[in-house]
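There are 2 protein chains.
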Amino acid sequence: MALKLKGIPYEYLEEALPDKSPLLLELNPIHKKVPVLVHNDRILPESHLILEYIDQTWSNNPILPQDPYEKAMARFWAQFIDEQIITVGFRSLVQAEKGREVAIEEAREKFAFLEKEVTGKDFFGGKTIGFVDMVAGSIIPFCLARLWEGMRIDVIPEDEFPELNRWIKNLKDIESVRECIPHREKQIEHMMKVSERYKLA
Amino acid sequence: MALKLKGIPYEYLEEALPDKSPLLLELNPIHKKVPVLVHNDRILPESHLILEYIDQTWSNNPILPQDPYEKAMARFWAQFIDEQIITVGFRSLVQAEKGREVAIEEAREKFAFLEKEVTGKDFFGGKTIGFVDMVAGSIIPFCLARLWEGMRIDVIPEDEFPELNRWIKNLKDIESVRECIPHREKQIEHMMKVSERYKLA
Numbered sequence: 001m002a003l004k005l006k007g008i009p010y011e012y013l014e015e016a017l018p019d020k021s022p023l024l025l026e027l028n029p030i031h032k033k034v035p036v037l038v039h040n041d042r043i044l045p046e047s048h049l050i051l052e053y054i055d056q057t058w059s060n061n062p063i064l065p066q067d068p069y070e071k072a073m074a075r076f077w078a079q080f081i082d083e084q085i086i087t088v089g090f091r092s093l094v095q096a097e098k099g100r101e102v103a104i105e106e107a108r109e110k111f112a113f114l115e116k117e118v119t120g121k122d123f124f125g126g127k128t129i130g131f132v133d134m135v136a137g138s139i140i141p142f143c144l145a146r147l148w149e150g151m152r153i154d155v156i157p158e159d160e161f162p163e164l165n166r167w168i169k170n171l172k173d174i175e176s177v178r179e180c181i182p183h184r185e186k187q188i189e190h191m192m193k194v195s196e197r198y199k200l201a
Numbered sequence: 001m002a003l004k005l006k007g008i009p010y011e012y013l014e015e016a017l018p019d020k021s022p023l024l025l026e027l028n029p030i031h032k033k034v035p036v037l038v039h040n041d042r043i044l045p046e047s048h049l050i051l052e053y054i055d056q057t058w059s060n061n062p063i064l065p066q067d068p069y070e071k072a073m074a075r076f077w078a079q080f081i082d083e084q085i086i087t088v089g090f091r092s093l094v095q096a097e098k099g100r101e102v103a104i105e106e107a108r109e110k111f112a113f114l115e116k117e118v119t120g121k122d123f124f125g126g127k128t129i130g131f132v133d134m135v136a137g138s139i140i141p142f143c144l145a146r147l148w149e150g151m152r153i154d155v156i157p158e159d160e161f162p163e164l165n166r167w168i169k170n171l172k173d174i175e176s177v178r179e180c181i182p183h184r185e186k187q188i189e190h191m192m193k194v195s196e197r198y199k200l201a
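As they're listed, the protein sequences go chains A and B. The UniProt record's numbering puts the first residue of the first sequence at 1, with every later residue one more than the last. The UniProt record's numbering puts the first residue of the second sequence at 1, with every later residue one more than the last.
It is possible that some hints are incorrect.
Heads up, the list lumps identical chains together, so a pair's fine if it works in one copy or across two of them.
[As the list claims (entries may be wrong)] Derived EDC-like pairs: lysine to aspartate or glutamate, alpha-carbon spacing no greater than 16 Å straight-line:
hint, residue 1, residue 2
1, 71, 55
2, 32, 83
3, 71, 117
4, 6, 175
5, 186, 149
6, 169, 158
7, 116, 160
For the record, the hints were derived by calculation from the structure and aren't laboratory data.
Given only the sequences and the hints, what does the whole structure look like? Please build it.
Structure (structure tokens):
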């Protein structure tokens, strides 16, 4: 998403997780995770670090704000999504009925913070797409929401979260975002497989 | 440590955890954790975000490298310490004998990465103290090592980790670090209390 927004050409290699390629293990020996960015002879793991690197290396269409406080707050919300939203999302995926309900309730509590944060703004970044939009955009509408779609639960209903739903529409209006959205049915199917694989009793 | 290094005067308010003050809950309603930096009317939670904010606001004695790749790598190691070293450290604190041994063995495996990273350098940051040194310095020698001292286990013995031990000595040579080191006996006593409170069967 960031490379498209900046207009940087790249080659995209998909990993067929959970089977990790020898290349991935070589490039990211510590975390063994995607994504990894290879730029010249530099190897960069971890999504947020990659976004910061891309933004500092190519300065057009800035992703992070310049002001130190606003920058800290963008990182704060990105981290909130990465730590808290992903965690409850994963729990809602793998736990059995009772635990699942608890996880979904917690997810709604977390979404309430985001609903408040995006209120009155086109994007978390303000008038244009930024750091938090990319992190939240990759995880919420095109990943977790599809998981919940597969489970036939609407965790972010429009009447309860009007601002987040408006934000998702704004995201989809951006070409560089639209080009990155995974295929809907394929994504739902994938998430359901993950759910089966890690399901707890 | 960062404020001292930059020469910025500050007022330090200690929290008597686990009892959280109403002020802490007001300043950091989402995570409810220390540290929180208050600068003018700006409220900043999360240690790494605070370090980045301080470095960007006061540019003397830089904490982070300027180069985008080196900056990403500094953030990578800081994150590694925050996620992986703290996690195994906490497990070695609260688990019973067998689990404790496993956690300490894992801690040694993680320290091996750091040993390699600091080899041939005065600091993780190079010739001077930087981002990784501050993150690792707060957690390893003056927190986890003291916990293990209280438990009478040396997890970072000098013959196995000569470079990390040399780095700890270099850290202690810096006045702004020395001034931040918690009182040894008080710290050990505190860690042993935490251990008792969260101990697993």
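Verification of the hints:
Proximity of residue 71 and residue 55 under a CA criterion of 16 Å is satisfied in both settings, with 12 Å inside one chain copy and 12 Å between copies. In this assembly of identical chains, the alpha carbons of residue 32 and residue 83 lie at most 16 Å apart only when taken from different copies (15 Å versus 18 Å within one copy). Taking the shortest Cα distances, residue 71 and residue 117 sit within 16 Å of each other inside one copy (15 Å), while across copies they are farther apart (28 Å). For the identical chains of this complex, residue 6 and residue 175 are intra-copy neighbours only, at 12 Å inside a copy versus 44 Å across copies, given an alpha-carbon limit of 16 Å.
In this assembly of identical chains, residue 186 and residue 149 lie within 16 Å of each other by CA distance solely inside one copy; the values are 12 Å within and 53 Å between copies. Only within a single protomer do residue 169 and residue 158 lie at most 16 Å apart by alpha-carbon distance; the minimum there is 11 Å, versus 57 Å between protomers. In this homomeric assembly, residue 116 and residue 160 come within 16 Å of each other (Cα to Cα) only inside a single copy, at 12 Å, whereas the closest approach across copies is 51 Å.
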